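Positions 1 to 130 (this note's numbering) are the ones given, in order, by the sequence shown.
Some clues are possibly wrong.
Claimed, not checked - Derived lysine-lysine pairs resembling DSBU-like cross-links, with alpha carbons at most 35 Å apart:
id, residue 1, residue 2
1, Lys-66, Lys-88
2, Lys-3, Lys-67
3, Lys-88, Lys-67
4, Lys-66, Lys-3
Just so you know, these hints were derived from the structure itself, not from any lab.
In this text, all values refer to a predicted model and were calculated from it rather than measured experimentally.
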Amino acid sequence: MLKRINWDALGITASLACAIHCAVLPLFLSSLPLFGINIIENLRFEYGMIALAFAVGYFSLYHGRKKHHHSWLPLILFSIGIAFLLAKMAWHEWRNWFLLPAVGCIITAHFLNYRLCRHHNHAHADDCNH
């Protein structure tokens, strides 16, 4: 029996991991530079986390829209959240102001997608291809 992946749960988890990384990691890991490890201000790691959240989130939300509820709202909220994350990377002095709306939009998009998928339960329209 094949296990199915709950992409919304994975997207929420990735978003929460990103939020924890951005908010809590500097508090606990401020001594890492003493050992030559720089993960707090590592741009490749930051962009990697954004790319992971984008890949998982886009796949999850697009699948929900196409196969279940046909609503663009979760993808729009998700896109706004990703835009806030990219703004956080571009304007470091404002990063704390961009982080909370980014994570809020992304988690809300996944939660809304989850609710819409469960509410419609494969409510098929004329444009469904399955």
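Results of checking the hints against the structure:
Taking the CA atoms of Lys-66 and Lys-88, the gap is about 30 Å. The hint holds against a cut of 35 Å. Simply put, Lys-3 and Lys-67 have alpha-carbon atoms about 18 Å apart, close enough for the 35 Å limit, and the pair holds. Taken as a hint, the Lys-88 and Lys-67 pair is honoured in the structure, with Cα atoms around 32 Å apart against an allowance of 35 Å. Distance restraint check for Lys-66 and Lys-3: the Cα-Cα separation of roughly 21 Å lies within the 35 Å cut-off, and the hinted pair is therefore satisfied.
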